[in-house]
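If you want the building blocks of each chain, they are given just below.
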Amino acid sequence: MKSPRLKSLTCAALLPLLMPSTAALASEFDGYTLRVKLIGGAQYEPLYAEIPKWEEMTGAKVEVLSRKNHFELDREIKQDIAAGTLDWCVGSNHTSFAPQYGDIYVDLNGVIAGDVLGKFDELAIKNSTVGGKLVQLPRHADISNLYYKKSLYEDQANKDAFKAKYGYDLTPPDTFEQFKDQAIFFADAPTFYGTQYVGKDEAITGRFYEMLVANGGALFDEDWNPTFNSEAGVRTVMWFKELYDAKAVPAGVLNYLWDDTGLGFASGTVALNLDWAGWASFFNDPANSKVAGDIGLVRAPKGTSGKRSGWSGAHTFSITETCDNKEAAASFVTFLTDHDRQMIEARAGLLPTRTQVWDDAKAEFAAAGNDFLVTVFDTYAQSMAEDAFTPPLIDTWIEVSNEIWPALQAAILGEKTPQEALDEAAEEARIIMEDAGYIQ
Amino acid sequence: MARTKSPYKTRLALTPYLLLSPAFLVLIFVVALPLVFSLYTSFTGYRLVRPDTLWNWVGTRNYERIFADLDFWIAFGRTILFLAIALNLEFILGLGIALLINRITWGQRTLRTIMMFPMMFSPILVGYQFKFIFNDNIGVLNNALQSLGISDAATPWLVDRYLALGSIIFAEVWMSTSVFAILLLAGLFAMPRDPIEAARVDGCSPWQVFRHITLPFLMPFAFIAMTIRSLDVARAYDIVDVMTGGGPAGRTELLWTLIARVGYDNARMGQANAMAYVSIILSIAFTYYFFTKLVAARRYMGGAA
Numbered sequence: 001m002k003s004p005r006l007k008s009l010t011c012a013a014l015l016p017l018l019m020p021s022t023a024a025l026a027s028e029f030d031g032y033t034l035r036v037k038l039i040g041g042a043q044y045e046p047l048y049a050e051i052p053k054w055e056e057m058t059g060a061k062v063e064v065l066s067r068k069n070h071f072e073l074d075r076e077i078k079q080d081i082a083a084g085t086l087d088w089c090v091g092s093n094h095t096s097f098a099p100q101y102g103d104i105y106v107d108l109n110g111v112i113a114g115d116v117l118g119k120f121d122e123l124a125i126k127n128s129t130v131g132g133k134l135v136q137l138p139r140h141a142d143i144s145n146l147y148y149k150k151s152l153y154e155d156q157a158n159k160d161a162f163k164a165k166y167g168y169d170l171t172p173p174d175t176f177e178q179f180k181d182q183a184i185f186f187a188d189a190p191t192f193y194g195t196q197y198v199g200k201d202e203a204i205t206g207r208f209y210e211m212l213v214a215n216g217g218a219l220f221d222e223d224w225n226p227t228f229n230s231e232a233g234v235r236t237v238m239w240f241k242e243l244y245d246a247k248a249v250p251a252g253v254l255n256y257l258w259d260d261t262g263l264g265f266a267s268g269t270v271a272l273n274l275d276w277a278g279w280a281s282f283f284n285d286p287a288n289s290k291v292a293g294d295i296g297l298v299r300a301p302k303g304t305s306g307k308r309s310g311w312s313g314a315h316t317f318s319i320t321e322t323c324d325n326k327e328a329a330a331s332f333v334t335f336l337t338d339h340d341r342q343m344i345e346a347r348a349g350l351l352p353t354r355t356q357v358w359d360d361a362k363a364e365f366a367a368a369g370n371d372f373l374v375t376v377f378d379t380y381a382q383s384m385a386e387d388a389f390t391p392p393l394i395d396t397w398i399e400v401s402n403e404i405w406p407a408l409q410a411a412i413l414g415e416k417t418p419q420e421a422l423d424e425a426a427e428e429a430r431i432i433m434e435d436a437g438y439i440q
Numbered sequence: 001m002a003r004t005k006s007p008y009k010t011r012l013a014l015t016p017y018l019l020l021s022p023a024f025l026v027l028i029f030v031v032a033l034p035l036v037f038s039l040y041t042s043f044t045g046y047r048l049v050r051p052d053t054l055w056n057w058v059g060t061r062n063y064e065r066i067f068a069d070l071d072f073w074i075a076f077g078r079t080i081l082f083l084a085i086a087l088n089l090e091f092i093l094g095l096g097i098a099l100l101i102n103r104i105t106w107g108q109r110t111l112r113t114i115m116m117f118p119m120m121f122s123p124i125l126v127g128y129q130f131k132f133i134f135n136d137n138i139g140v141l142n143n144a145l146q147s148l149g150i151s152d153a154a155t156p157w158l159v160d161r162y163l164a165l166g167s168i169i170f171a172e173v174w175m176s177t178s179v180f181a182i183l184l185l186a187g188l189f190a191m192p193r194d195p196i197e198a199a200r201v202d203g204c205s206p207w208q209v210f211r212h213i214t215l216p217f218l219m220p221f222a223f224i225a226m227t228i229r230s231l232d233v234a235r236a237y238d239i240v241d242v243m244t245g246g247g248p249a250g251r252t253e254l255l256w257t258l259i260a261r262v263g264y265d266n267a268r269m270g271q272a273n274a275m276a277y278v279s280i281i282l283s284i285a286f287t288y289y290f291f292t293k294l295v296a297a298r299r300y301m302g303g304a305a
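Going down the list, the sequences are from chains A and B.
With the working numbering, the residue at position 322 of the first sequence is 322, and numbering never jumps.
With the working numbering, the residue at position 139 of the second sequence is 139, and numbering never jumps.
So here's chain A without its partners, still in its complex pose (with noise of 0.2 Å):
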């Protein structure tokens, strides 16, 4: 048995050992005020509760200039940019993203310790440089899995009425087509549907490239010409029309964004739902969500080549080449995305970057009994494995967005054929590519 007075006297004694270098730490920033911009959201939040730690630890202040979500924050950080205004030290970033902005933020190759970045998940480590330079520190990674309301697949009226229909069982979908199937089959609108899609901006771009190179296509071939207007673009398209004129997902899909698909499954109206692992524990919580206890998760399905899509990424933490201590702020961010906060993230759900956080985290979860939040993390770490890549990491990646997701929605509303929407799209987006010199 261990006794409480052996644990204080052990720490009594090592106290003195401890005393000089957390002194020494809390001079190194002293008085120095450490200024930031972060994304901001309900997701992104508990992290910050621990800077005030930090903030003890080291004797600086962190000065939050900024908290938005992170197109707002996009738009913030390019004014700073043309202004000259970058008089901030950590920001933020994306691995989507951080190719837009040119020289602004530093190696981290040479400001972080190489045994700390080795503890990092080597894949997020490539995703996140640009240019041979490491410009982001990962904080958590991203990926979507099939969420579905299990009782809906239970229900033995349901088996016989889809099997009699669709000539199959009535198991969670492993393929696009099983899942427009299913979702048109549970759908029964306007009370209920059988998924939604995020609808426009860099998020439907981003849903279409994986279901793209899921279909076997591709966006650009190897001389950067887009060749998204392909066989497989025009039949990544229809999967989306076909549910849109079916009334399967809600007829306001298309002014949808992350927030609003997952409120809507968590309000128990929605049958299926491809998502990101940072709604997890929302999901599962009696106190957010109608579906808490009956939520079940697949792997993303696949496309007509075999390949699952995996569109992913992943939040991260930037220091500005301006910043005037850059040690504060390689502090700041290796605090922010070390083993213990990591831990803190990965409770709600969200992806670690840390190898050993995958680990440690399932085993808290399955002590705990918290058997839904194991399946999240086996389903999520199989897919991080087997199925993730990223979009094209391109300075040019958010303005070829820009040109493709107006038109699938016009493809999806029926104002354009999708090969006609995805011809001018494709010819808008050679333009871009021309004009950034991706296309000689």
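I should point out that these hints are in silico values taken from the structure, not numbers from a laboratory.
Cβ atoms here follow ideal geometry from the backbone N, Cα and C, with glycine treated the same way.
One or more hints might be untrue.
Simulated coverage check for chain B against chain A, where a stretch passes if three residues somewhere in it have a Cβ under 8 Å from a Cβ of chain A [said to hold, decoys possible]:
| hint | stretch |
| --- | --- |
| 1 | 46 to 56 |
| 2 | 133 to 143 |
| 3 | 151 to 159 |
| 4 | 223 to 237 |
Given chain A's structure and the hints, the job is docking chain B onto it.
Then chain B, alone, in the frame of chain A:
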């Protein structure tokens, strides 16, 4: 023999310029320089994230692209339509509210204050409020229609080609009708009673009094409100961005949602500035039109031209 001015007289001649110079300097630095700078950037390939591209002169290429860009001209036309409908609705509703408030004798101050409430909200907040009201799935409007048994459909207010623009116009009108109401009410307060009483003595009907005396007297106030609001609505951005983002499929795209996307999301500030300069034509045209009408209305009332 040539006569030279004494230093005193020179100083005296320069004094007005000296006194005016602070105003000129403010105008140059606050108004002229930013305008000249943005005009210059419209002839460059300036990308927001690449400050060095500020010196990349591309001549009239940005303008040539705009003139060949059908999406831009559709957004241009839609902005005119949006402006015309919103302004007319705001005028009619503002006039009605002003006439009603002018009639009441008790609680008028309180009502005037309440009338101003929508203007006090930030356009972003108004956008979110109406986005929630018009949401097809969880929105208040569809739920009310379904609960009252008026409709059992999930009307896509923010998706349908006509309803989406209509919903945004509704939000815009809700927020800004009080601009018209308050200016027209000021006009009603300033209106002399004699012509109205004389007309009544001569046997004019209430409609005739309104049509031939009240309305002409109010028109200068209406045109001032229209000038202010036309400049405002031509720059409509926040409400549209929050409610639909200019979509879906560009169905609610107005000039400034398009310009903001090109300038910030795509970081093509040179091209966005060129678009902004072309779109200024719209504001100038409306301002000129309303000022012409204002002068005509004042002349009609016997005021100074």
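Checking each numbered hint in turn, tell me which of them this model violates, lowest number first. 4
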